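Just so you know, the sequences run in chain order A and B.
All residue numbers for the first sequence refer to this note's numbering, where the first residue is 1 and numbers rise by one.
All residue numbers for the second sequence refer to this note's numbering, where the first residue is 1 and numbers rise by one.
Hints are computed from structural coordinates only; laboratory data are not their basis.
None of these values were measured; they are calculated from a predicted model.
Beta carbons are placed, not taken as given, at the ideal position from N, Cα and C, and that holds for glycine.
Hints may be right or wrong, so weigh each one.
Footprint (simulated), chain B over chain A, 3 or more residues, beta carbon under 8 Å [claimed, not checked]:
hint, segment
1, 33-43
2, 275-285
3, 290-298
Calculated cross-link-like contacts (lysine-lysine; reagent style BS3-like; alpha-carbon spacing at most 25 Å) [to be verified]:
hint, chain 1, residue 1, chain 2, residue 2
4, A, Lys294, B, Lys322
5, B, Lys82, A, Lys2
6, A, Lys294, B, Lys82
7, B, Lys347, B, Lys82
8, B, Lys61, B, Lys369
9, B, Lys114, B, Lys82
10, A, Lys294, B, Lys319
11, A, Lys339, B, Lys322
12, A, Lys392, A, Lys371
13, A, Lys294, B, Lys337
14, A, Lys235, A, Lys6
15, A, Lys340, B, Lys260
16, A, Lys394, A, Lys246
17, B, Lys260, B, Lys276
18, B, Lys337, B, Lys347
19, B, Lys260, A, Lys294
Simulated restraints, written as ranges between beta carbons of each label pair [claimed, not checked]:
hint, chain 1, residue 1, chain 2, residue 2, range
20, B, Thr372, A, Ala291, 26 to 36 Å
21, A, Ala291, B, Thr362, 16 to 26 Å
22, B, Gly155, A, Gly79, 41 to 51 Å
23, B, Arg154, A, Gly79, 41 to 51 Å
24, A, Val401, B, Asp288, 29 to 39 Å
25, A, Ile266, B, Thr265, 34 to 44 Å
26, A, Gly79, B, Lys226, 48 to 58 Å
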Amino acid sequence: MKHVKKECVAMLLAGGQGSRLYALTKDMAKPAVPFGGKYRIIDFPLSNCVNSGIDTVGVLTQYQPLVLNEYIGNGHPWGLDRVHGGVHVLPPYESSSGKSWYEGTANAIYQNISFIDRYNPEYVAVLSGDHIYKMNYAKMLDFHKSHGADATIAVLEVPWEEASRFGIMSADENDVIYEFAEKPAEPKSNLASMGVYIFSWPNLKKHLIANENDTGASKDFGKNIIPAMLAEGNKLVAYHFDGYWKDVGTIDSLWEANMDLLNPNIPLDLHDPYWRIFSRNPVMPPHYASANSKIQNSMVSEGCNIEGLIDFSVLFAGVIIEDGAIVRDSIIMPNTVIKKGAVVEYAIVGEDCVIGENAHIGERPEAIEDKDTWGVAVIGHGVTVSDNAVIKPKAMISENV
Amino acid sequence: MANMANVLGLIFANMHETTVTDLTKVRALASVPFGARYRMVDFPLSNMVNSDIDNVGIITKDNYLSLLDHVGSGDEWDLSRKTGGLHLLPPYGNSHGIYRGRLEAMMQVKPFIKSINADYILLSDADVIANIDYRPVIDFHEKNNADITVVYARGTYTTEQSRTKTILAVNENNEIYDVLVRPEISGEHNVSLNMFVVGKEFLMDLIRDAESRNLYSFEVDVLQHKLHEMKVYGYKFDKPFFQIDSIDTYFKSNMALVDKSLRDTIFNSDAPIYTKVRDDAPAKYGIDSEVSNSLIADGCIIEGTVENCVLFRGVKIGKGAKVKNSILMQDTVVGAKAEMNYVITDKNVIISDYRSLSGTETYPVFVNKDATV
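Isolated chain A (complex conformation) (with noise of 0.2 Å):
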């Protein structure tokens, strides 16, 4: 087949565990997990894509592919069911070499070099699948061109007691990075990359091919692509970002994400007619609230039947909200119901769960002594919690109680 020519393919990473995310993402890959009410994770990058013009995209997939995979399906959601390019999952495969896991995100690229070259690109945009942010990468390809650029960074400034969490850049007065630290202890910038690189590809491709024939190398863009191509002199460039930007892959930051999205003063606006966030729809009737019910501070999606006390929360599709429930300062999953009298209260509950009569999940901090005893509180997919029970702040529960 005769494959049309690509400007620019973009590869996003989704492969990850999401480890710190516990129960959440013990049956599906981290891009999977439900975000904002309808979203789920994979939905911001994938419509930056599709926003930006980017119509050929690779999702590299390895960790409980299962979720995910259907979920992308043809693409159709984002429109990125084309006739030519359109939206490919790449899971791992065996060849004759006898490869198969993905050993790191510059090994996974590695593996997929048939995939991109097929569509002969210029250039290659790396993208993580578990961030919330809207970007227009056009803007940053421009920038990556007008500056004649090897690879462009995109970074954002972190608050300096942050930034050893991040691959932190240290870049000139024209954006030109000459040194990068991965995670550094004593970092001498406050640029940390947000995971989202431009590259021109026959130098990207030159290095993955070095990269994985060095057998000491981990095989990651941070520890060992970016430091080669500073090593080879190649020009490495800044581009900033200014607007919001959030990891979620601890259950602290995602709790703190979904409750972004409630905050007027917080820039991630979802309802612009220029800037959709495309996702599966579940196909189901507009919400009711009913008579009895109080909803205020608060994220509702269709599907929901509402009887009970909503504040500060956000709630996904087909959401069953009984007689008396009260939910406060919470995230509640697709077609989880929170049955008469229950109260939840700073916690993320999982899909497809039951929280039964009069039963108590979280706390919130005011009615803890010891703080370190307090957290969210976290019920896994497709978990009962039995009538009365009394799930404790900071509590992971994974299986039905």
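Mind docking chain B on chain A? Use the hints.
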């Protein structure tokens, strides 16, 4: 079991549109918004798809733009198919899309009907909201070896209400022995749901015959006048439904959906009603929002009070606004401290701050598309 691959669905997008002229000024009846996120055509279309019908044609008149925009290639209903799928049939040739009845409409699309490999044609208007499985209807038609099967339901109607309906007399063998078109009678009757099953060849003969005699009405010229030359059966549908044939029924049917068991029946999750997806964010409730007994679609932003309402996608309710007993279509914006009671707004209406607008249960105020009040 009937082989549903042999059934062609034909939807008449424009029938009955003179009964709700406010709503059909800018669109076909089939694309009238309904139930906070749907259009009327979603119901017959989804029912056909859920009954395994792979071939569907929608016959339109000259006002088909919004319908075309809504159904697109049919992919939201899974009707974008390699073989078969959705065919929108706009007016063509010298017909100018003006037809007086279903027979005349079908004359204009005869080549399309002929080209589809089907044994049966399921004709349906777009005026009925229901979740109906057509498979037992086709079985029923085959078993009775019928020429025409009419789907009907039983209900109690006033003279006023029956004036827009077709009433059927059905005997204990399910045979129809009398047809009354728009009669002035009251009481409990069998009312046609404007869904018919006809054999393809039989239908082609009816169309050719009508063409040569300058006849146009399926109900009058075929069902009534030829009733005793044919085997016409009635299939009784006994689940909840709404027939939209006045602003009053439109208003009440929308409002009735607040009942959960009714919603669970009509939007049966095993036979879902599909619609065009707009990719709106979930509805957002603000700090002083008070919402009760209402249906809310995605994309709404609510900062005021909403009571007994149906809010379509992207509706915004300003701070301190009070909206009661109203239907607000897509992207209606209600300003701060505005008050509304018994109002229907069409799409993209703006109600300015501090405005007050009030109708009554029997005569809700209607605000035209794109108007600013």
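To see whether the hints hold, each was checked on the structure:
1. With 3 residues having a beta carbon nearer than 8 Å to a beta carbon of chain B, the segment 33-43 of chain A meets the requirement of three or more and the stated coverage holds.
2. Coverage of the segment 275-285 of chain A by chain B holds [criterion: at least 3 residues with CB-CB distance below 8 Å; count 8].
3. Counting residues of the segment 290-298 of chain A whose CB falls under 8 Å from any CB of chain B gives 9; the rule of at least 3 is met.
4. Our distance criterion of 25 Å between C-alpha atoms is met by lysine 294 of chain A and lysine 322 of chain B, whose separation comes to about 16 Å.
5. Among the hinted pairs, lysine 82 of chain B with lysine 2 of chain A is consistent with the structure: their alpha-carbon atoms are about 22 Å apart, no more than 25 Å.
6. Restraint check for lysine 294 of chain A and lysine 82 of chain B: not satisfied, since their Cα atoms lie roughly 48 Å apart, outside the 25 Å limit.
7. Between the alpha carbons of lysine 347 of chain B and lysine 82 of chain B the distance comes to roughly 34 Å, so the proposed pair goes past 25 Å and is violated.
8. For the hint linking lysine 61 of chain B to lysine 369 of chain B, the alpha-carbon distance of about 20 Å falls within 25 Å, and the restraint holds.
9. This hinted pair checks out: lysine 114 of chain B and lysine 82 of chain B have alpha carbons roughly 19 Å apart, not beyond 25 Å.
10. For a cut-off of 25 Å, the pair hint linking lysine 294 of chain A to lysine 319 of chain B stands: about 16 Å separates their Cα positions.
11. With a C-alpha separation of about 30 Å, the suggested pairing of lysine 339 of chain A with lysine 322 of chain B is violated against the 25 Å cut-off.
12. A C-alpha spacing of about 13 Å is found between lysine 392 of chain A and lysine 371 of chain A, which places the hinted pair at or below 25 Å, so the restraint holds.
13. Under the criterion of a C-alpha separation no larger than 25 Å, the hint pairing lysine 294 of chain A with lysine 337 of chain B is consistent with the structure, at around 20 Å.
14. Of the pairs offered as hints, the one joining lysine 235 of chain A and lysine 6 of chain A holds, with about 23 Å between alpha carbons and a cut-off of 25 Å not exceeded.
15. Taking the CA atoms of lysine 340 of chain A and lysine 260 of chain B, the gap is near 17 Å; set against the 25 Å cutoff, the hint holds.
16. Of the pairs offered as hints, the one joining lysine 394 of chain A and lysine 246 of chain A holds, with about 21 Å between alpha carbons and a cut-off of 25 Å not exceeded.
17. This hinted pair checks out: lysine 260 of chain B and lysine 276 of chain B have alpha carbons roughly 23 Å apart, not beyond 25 Å.
18. Taking the CA atoms of lysine 337 of chain B and lysine 347 of chain B, the gap is near 21 Å; set against the 25 Å cutoff, the hint holds.
19. Between lysine 260 of chain B and lysine 294 of chain A the alpha-carbon distance is near 18 Å, which keeps this suggested pair within the 25 Å criterion.
20. A C-beta distance of roughly 32 Å is found between threonine 372 of chain B and alanine 291 of chain A, which places it inside the suggested range of 26 to 36 Å.
21. Restraint check, alanine 291 of chain A to threonine 362 of chain B: a C-beta distance of roughly 23 Å satisfies the suggested window 16 to 26 Å.
22. A C-beta distance of roughly 44 Å is found between glycine 155 of chain B and glycine 79 of chain A, which places it inside the suggested range of 41 to 51 Å.
23. Look at arginine 154 of chain B against glycine 79 of chain A: about 46 Å separates their beta carbons, and that is inside 41 to 51 Å.
24. The hinted window of 29 to 39 Å between valine 401 of chain A and aspartate 288 of chain B holds, with their beta carbons roughly 37 Å apart.
25. In this structure, isoleucine 266 of chain A and threonine 265 of chain B meet the distance hint of 34 to 44 Å, their C-beta atoms being roughly 40 Å apart.
26. Against the hinted window of 48 to 58 Å, the Cβ-Cβ separation of glycine 79 of chain A and lysine 226 of chain B comes to about 50 Å, which satisfies the hint.
In the structure shown, a violation is registered for the earlier hints numbered 6, 7 and 11, in ascending order.
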